[in-house]
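Participant: One letter stands for each residue in the lines below.
Protein chains: 2
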Amino acid sequence: MVLDSVRRTRLIEGMGAVKLDACVCCAASDVLLLTGYWPIMAMSLAFLTMHGTCHVLLPQDEEELARKTSSADIATYQPETLHKLTDLMPALTQPLTRMIQKLGLEKARIGIRKALTEQPSSYVVSANFHDSLSILLNQIAPSAKLESCDHLLETQKASKTPRELVHLDRAAKIVAAGFAAAEGAIKPGLRETDVAARIQLVFDTAPEAEEVQRSYGSFYCMSGPNAAKAHAAYARTRQRRLQEGDLVMIHANTCADGYWTDVTRTYTVGTPSERQHSMRSAIMEARKASLAAIHPGAVGSAVDAAARDVLEAHGLGEAFKHGAGHGVGFAAANATGRPRIHPLSPDVLETGMTFNLEPAVYFEGYGGMRHCDLVAVTEDGVRVLTDF
Amino acid sequence: MVLDSVRRTRLIEGMGAVKLDACVCCAASDVLLLTGYWPIMAMSLAFLTMHGTCHVLLPQDEEELARKTSSADIATYQPETLHKLTDLMPALTQPLTRMIQKLGLEKARIGIRKALTEQPSSYVVSANFHDSLSILLNQIAPSAKLESCDHLLETQKASKTPRELVHLDRAAKIVAAGFAAAEGAIKPGLRETDVAARIQLVFDTAPEAEEVQRSYGSFYCMSGPNAAKAHAAYARTRQRRLQEGDLVMIHANTCADGYWTDVTRTYTVGTPSERQHSMRSAIMEARKASLAAIHPGAVGSAVDAAARDVLEAHGLGEAFKHGAGHGVGFAAANATGRPRIHPLSPDVLETGMTFNLEPAVYFEGYGGMRHCDLVAVTEDGVRVLTDF
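Protein chains in written order, with the working numbering: chain A, 41 to 428; chain B, 41 to 428.
All the given hints hold, so there is nothing to weed out.
Intra- or inter-copy, both count: the list cannot distinguish identical chains.
Each computed DSS-like pair below joins lysine-lysine, with the alpha-carbon atoms no more than 30 Å apart:
1. K108 - K124
2. K124 - K142
3. K108 - K213
4. K108 - K269
5. K213 - K361
6. K269 - K124
7. K213 - K227
Derived from the structure by calculation, the hints contain no laboratory data.
Between the sequences and the hints, there should be enough to build the whole structure, so can you do that?
Facilitator: In structure tokens, the structure reads:
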């Protein structure tokens, strides 16, 4: 594994600016940021010091996978064996103590997560540390100072390095393979569950996924009146049967080795009505306007306004019920991810930032239409990673 | 929604025994335990007091779903609107303050999670509270005492109420529909990803799932030498192509409205060899012996020994690399779930306890075979929920 030296340099600069000696992270997407490894059971700990040493402490079961994707120094522990029966915290105490000693962090200013954040799912079950990381660190290193590194990590996650962008492009290629099956999967009489499952099958078996260690994620189908509810923070596939004339929203959040996509396309069952035609052209016009507003230095609220103004001009302002986007990459559906593309967002765009752009309209009882892309800010504008 | 009065009574008794005035929970499976609602974004908070009042504070988007499954008093908050742009902790502060006041918990002994636990995945993205629940409660109610309720909740989760068993039976019926497609999906030349995806499709579209609000979960396929690695804490579907004579393990963790299954079956590509025949008969004999050892009052280590002794008698003791089971229901793949069926487990079985029973053998480089069922302790023995 080649080191992502750009990320390491940025992290060390960021830690220096807030006078942290080190960061210790347990959330899976934070471990990915620091080490390049996307944990499975989310019971790995990543350590980065101001000297640039980077370690990851992980369950022995995950060592082989970690070595394939991370250049961090790897130490392992065994949460459980046939000869040992403990809970997870006792299993971590000794290895964590050794690591703190090895890195000389007994009296350090250590950055840890303190705030509530949205984290992408790394497996069907994953560890939740609750207060236990700070409890353990306070026991092991009572003279250390535990500071919040929430702001530092959220800021770092907003702008991707060139290597991280390569990962995101790969993720975008795989999700595109799923969407290629969407139009053909939509047929009147099928349930939303049938449609979502058929697209999911194509995604799950896409040859494009052979390039990565772990490709997974979910496709959702929301049709007719259910699509009108798709402005919620979550997507939900139900048992409704598709009818002629329905709008059908296909939404996906997928992951390639920890790098996430957030994509939506909307289809019609049968021939689109005039109303649906004009909704679509308004949304595509809003998309174009907001893409044109993206460049380094632009403010999040301005990009949102570019889309919103177009929809308002079409009399659809009220129907656009959420912000035009949010940071995507180290997570998928996190509304608070930086940069926020929202009417009130002061976030300033920088080269390498990635986010979704999702102009949409929702009409209660009728349906909804959304076109959601994953985009990256470039030196001279924007690049759409999901240009299909 | 009818109230699960059995659960509420047990929780209140349990809280009384450790002198807690209330519990406040944020982890999705804990919210389910207290309220009957399985959160989506895992940013819901459940409150249960010694007086038996039960409230849940959840994002407005989830209210409709919560009302269908929970009899708790529901209060909502809005993490984000077009007119408000905040992070999640500030969005929770006011509603949490009101709830603490309403319930009179300003000086109470409040139980919260402090330890590292394994939590099932409630959505593709979910909130991780890290230290924030205790930080917020300390701000809002500085005179309250925050105590660990980890032990209380883990103990409560071990034994299911009759209503919770109905949910688990439903989950078992849905996962069975997936497994019905397994044998037909296994063909030489297919990749593990192909096989897993075809079974997943049948599970995702099973008519049995129409009975529940949210049915999801993952099927995994591990073949030949990859099945030899399936003793790890996690399952992983790879790109390997199935070959004639391979052992093929199909593993599933699925969820119906928050109640989880953990099931594995092992198949052979083509005609089983003599070695495979004798592995299977040894495993089925170990299964039978351990089932016979299950009854209220039995100790976890004895149930493990019943399976282990049989495999040892067949010369397969070394190949059985993990404990014979662990608690399943409020989570799936949590090795520390009570009761632990492990050589060192002192856990005493009680009526209503549910766990998986997974006799297995693994031979590095060759393959692995596991037969994993979900079982419930009954008054006079055991019931297999996945008897297919």
